[in-house]
Amino acid sequence: MLSYELPLAIAIAAPLLMLNTLSFRQLVDAQSGFYFHFLPRWTIFQLPFPQIISFVLFLIAAFAETNRVPFDLPEAENELVAGFHTEYSSMKFASFFMAEYANMVTVSCVATLLFLGGWQPLFPAEYGSRFIPTAVFAAGGLLCLYHGLNPARPSTASRCPLPAWFSSPWRPCF
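Throughout the sequence shown, residue numbering follows our numbering, covering 1383 to 1556 in sequence.
Just so you know, these hints were derived from the structure itself, not from any lab.
Mixed in with the good hints there might be a few duds.
Unchecked claim - Ranges between beta-carbon positions, derived for each pair:
| id | residue 1 | residue 2 | range |
| --- | --- | --- | --- |
| 1 | Thr-1494 | Pro-1430 | 17 to 23 Å |
| 2 | Pro-1432 | Leu-1527 | 42 to 48 Å |
| 3 | Phe-1475 | Gly-1415 | 45 to 51 Å |
| 4 | Ile-1434 | Glu-1387 | 39 to 45 Å |
All values reported here derive from a predicted model rather than from experimental measurement.
From the three backbone atoms N, C-alpha and C, an ideal C-beta is built for every residue, glycine too.
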């Protein structure tokens, strides 16, 4: 049986050897620029082209590292209860789960820095990449405003079952 650490190390070694640095800043700087004025110079697009295979191997090994489905399926009846989750409660469980999610964020950041160009824009500035953060922020704000003005469930304050003399403007009915 082959562990996931070996393919993960080989997938990480490919862009490190190709870009010849261990510095995250230099890795991202080496991936700046564009091929043919529109295709980013990410590691998965650089020659030799099968670097996308390294990226796919990295993703599969990262799923195994972070205990995500399909690598963490229960195999026996005693594991259906989630095993170790029954031993922890309250803050111990929260700390354990937050550590798992911190691991997922770390693996995602490393994948972005190694293969997907880091913080470099997806397309050149002359095509409008400098307006993307503003557009995403404005779209998110409009979406929040829409859902704030049109709630999924109407407020129950207008259908107060208490008599009018009991409810007052200072004590809303929930």
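Here is how each hint holds up against the structure:
Taking 17 to 23 Å as the suggested C-beta distance range, the pair Thr-1494 and Pro-1430 conforms, at roughly 21 Å. In this structure, Pro-1432 and Leu-1527 meet the distance hint of 42 to 48 Å, their C-beta atoms being roughly 46 Å apart. The supplied range of 45 to 51 Å is met by Phe-1475 and Gly-1415, whose beta-carbon atoms lie about 46 Å from each other. Taking 39 to 45 Å as the suggested C-beta distance range, the pair Ile-1434 and Glu-1387 does not conform, at roughly 21 Å.
Violated hints amount to a single one, hint 4; each of the other numbered hints is respected by the structure.
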